[in-house]
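**Q** Heads up: the sequence lines are chains A and B, in that order.
6 is the number of the first residue of the first sequence in our numbering; add one for each residue after it.
37 is the number of the first residue of the second sequence in our numbering; add one for each residue after it.
In case anyone wonders, no lab produced these hints; they're calculated from the structure.
Keep in mind that this is a model prediction, so the values were computed, not measured.
Treat each hint with caution, since some may be false.
[Claimed, not checked] Derived lysine to aspartate or glutamate pairs resembling EDC-like cross-links, with alpha carbons at most 20 Å apart:
#1 A:Lys15 x B:Asp476
#2 A:Lys296 x A:Glu234
#3 B:Lys299 x A:Glu270
#4 B:Lys430 x B:Asp476
#5 A:Lys276 x A:Asp21
#6 B:Lys85 x A:Glu234
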Amino acid sequence: MVASAGAEEKYVVTSDGGRVESRVPRFHFFAILTALKGGDAAQRMIQQGESGGLEIVKRIGLVDLVETEASTVMRVLKEAEKAPTGIMDVVLGPELSGIAAHESVGHPQEADRILGREGAQAGESYLSKDSLGMKVGSEEANVSDDPTIPHSNGYSPVDDEGVASRKRRLIVDGKITEFLQNRSTSSYLGVKNNGSSRATAFDREPIIRMSNTFVEPGDYATTEELVKEVKDGVYLKSFTEWNIDDKRLNQRYTGLEAYLIKNGEMTRLVKAPVLEITTPALWGSVRGRSKRLEFEAANCGKGDPMQGIPVWTGGPDTWLGGVRIVGGS
Amino acid sequence: MAKTMGPAESNRFGVSVAKKLGADEAVLITVVSNERMARFANSSVTVTKNVNESGQVVYLAKGGRRIIGSSSNPEKGSLERFIGLLYKSMMSLPKDAAYVPLPSRGRAYKPRPDHDKKLENAEGLLSGYVQEAISSAEAAGAKRTAGSLEAGTVSHHLMSSNGTVGSDTNSRILLNIRAFTDRDASGHGLSCSANVRDFQPGMAGARAGSHSKRMRNAKQLPEEGKDYQVLMSPTVASNLLSLIGDFASAFSVEAGTSYLVGKMGKKVASEKLDLTDHGKWDGCLGARTFDDEGLPTQSTKLVEGGVLRSYLHNLSTAKRFKTKSTGNAGLIEPGPWNLEVGAGDSSYEEMVKEMRHGLILTSNWYTRFKNYRTGEFSTVPRDGTYLVESGKVKAPIKGIRISDSLERMFSSVRLLSKDREWVQWWEVDTPTLCPWVLVDGVTVTKAYGESPPK
């Protein structure tokens with residue numbers, strides 16, 4: 006377990022008259038929990054982080070969180086049975102909705118990737134500069150990035166080029182509406198800058214970064230109400246392994262705490278179901294979203310030298326209709 | 037005006053401050069990096085960077101308590117305040133069961149004379165090398181390129197309260213280039229070296245360009261399966277094999293985040309596989325004469341003939357494992373310096389001929405573990421990826437993933453090449469000398485669903 010607390014102090018000066026002085030304190034917690042039983046093992050990584058002082062420890066209920074997660078990972082090890090394989094409905098909990106929003110919406114909509122500037126390492130995008138308005142999801146696919154959320158891990162109301170940030174609607178009703186921009190890319194593309202440039206230190210280059218990226222909440226009042234709509238499927242509450250190709254088209258999430266859904270109810274725990282899916286298939290299959298909006302902290306890596314930057318990933322429960330799950334070992 | 041100090045003076049001052057405060061032991065490590073970088077995209081330089089950084093790591097111990105902190109402010113008053121704060125924090129801590137005293141007698145290490153002085157100020161070299169790499173890629177068929185060239189020196193200066201004094205300077209030059217012919221057709225090349233003499237930007241560019249040309253019209257893999265033979269380039273193999281170096285850290289073993297827990301003396305890989313960590317070695321990129329506890333580094337056989345022979349230790353983990361330090365401290369955790377994968381006796385052509393049904397992978401990224409304890413992982417191949425049937429390269433392939441476990445894969449090594457290359461880049465932290473590696477029975481998966489419209 007690692008806990009860290011500190012404050013980021015910045016003074017940004019630009020030749021066009023910008024003067025921005027800021028101080029953002031943050032608390033961050035990371036842990037890997039390992040449960041062992043006989044020769045078997047299950048592992049859970051947890052991350053929590055917010056901007057603010059040490060009151061965050063109480064606000065996020067850190068001690069209870071670790072206890073609950075430890076108990077869950079042990080339960081997964083003891084009780085989880087083989088997951089089904091096949092085409093079925095899948096409900097992503099907020100943690101899964103958030104990572105999917107971050108990896109397959111936020112990253113490919115960074116304008117510097119789209120223009121090829123990150124091609125050496127972090128990669129490019131399946132989108133081109135002409136993809137605004139392109140349909141990449143169902144009417145229910147709505148994803149945003151908002152650096153102005155109070156207490157958020159990715160809080161950044163003014164970016165590191167001295168530009169006021171605002172909420173960015175990345176996908177609205179399944180269509181791409183906006184890319185993340187800095188001064189250079191917005192000028193090149195002839196669009197308004199949305200203040201997405203951030204650096205991790207005074208001697209690092211400000212580059213386009215996400216802040217708090219999330220699936221917008223929907224209409225279902227509760228998780229249970231949404232799950233009632235699913236006859237057979239899997240609910241993915243948390244995940245372990247994940248990755249995505251460098252054009253952000255081919256992603257994989259392996260469930261940790263995951264439940265079989267039968268006749269609209271979550272039943273038994275299932276072991277390591279794998280959702281390996283293309284970006285259009287994932288966002289094109291969204292059928293509904295719950296109202297509850299939750300966030301997880303993450304440290305997003307990009308740039309060279311590497312700049313790990315604090316972000317939130319989040320969302321509600323997101324119902325995917327008819328996607329492939331592969332049962333784990 | 038605030039007084040800043042050089043590394044030796046800073047270390048001396050820090051140790052004296054710690055002693056005055058009453059510390060039983062103190063270690064000061066000052067790291068000075070002086071690196072130049074040029075990044076390019078769409079075949080033009082997009083940014084150049086000068087990174088001149090200096091930072092101190094401070095270790096204090098008193099009455100069985102210990103604390104470690106780091107500071108990047110070399111100003112005298114600031115360092116004094118920082119050590120005072122650390123000392124005060126340490127005294128509020130309970131005694132640490134992991135505490136082990138430093139050796140009672142220190143050592144004086146002579147500075148190594150072997151770093152490449154041409155890389156002390158490499159700014160004038162970057163443009164020519166970038167152009168050479170881009171031109172070579174374009175000559176080999178690339179339409180555009182993106183890459184990063186980094187060159188410079190990093191020095192570690194250590195002083196401890198037991199009298200140990202040492203100073204190591206390493207030079208390195210790293211080029212990473214990707215070439216593109218269209219959105220789905222890319223190739224990767226890299227060259228990394230401790231000196232200008234062995235650096236090959238033209239080779240890296242030509243490799244990237246050639247793959248980008250061969251990857252045109254790449255197809256989806258016809259079917260997923262658990263029976264692919266996979267021929268991994270040194271770039272891909274070093275990404276996975278260097279992780280064994282991390283898993284061999286006794287810290288990872290104690291934390292339960294290693295699949296090597298409980299496997300000392302047991303078979304963890306094919307008998308063809310040897311993996312050795314070297315503190316210093318001819319031509320290596322990250323040579324260290326001494327570790328962060330001031331002990332001399334050494335060569336440690338981690339895997340020999342497929343059998344796990346050693347974990348990597350600092351003083352603290354060595355005591356708990358009832359063994360000696362391997363000279364791999366890390367004040368908090370031991371880790372590898374430079375890894376060497378043993379060579380085989382095959383040529384690349386012989387390895388391809390040996391393949392009945394498989395894939396050639398030349399680059400990968402985003403390796404993530406489902407479970408560090410079991411070593412189950414997946415990684416995403418990118419750039420040059422080719423289907424091989426009956427010993428012949430049949431087609432370029434896109435959109436796949438290797439989903440397997442490290443132990444299973446490395447227990448199924450069929451062949452290793454006699455030629456090896458040094459690899460260090462975004463996906464390989466520890467410099468690794470690695471051959472091509474052919475592995476049997478690998479699980480290859482692909483994503484469900486359609487591709488987006490072009």
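**Q** Are there hints from earlier that the structure breaks, and if so, what are their numbers?
**A** 1, 3, 5, 6
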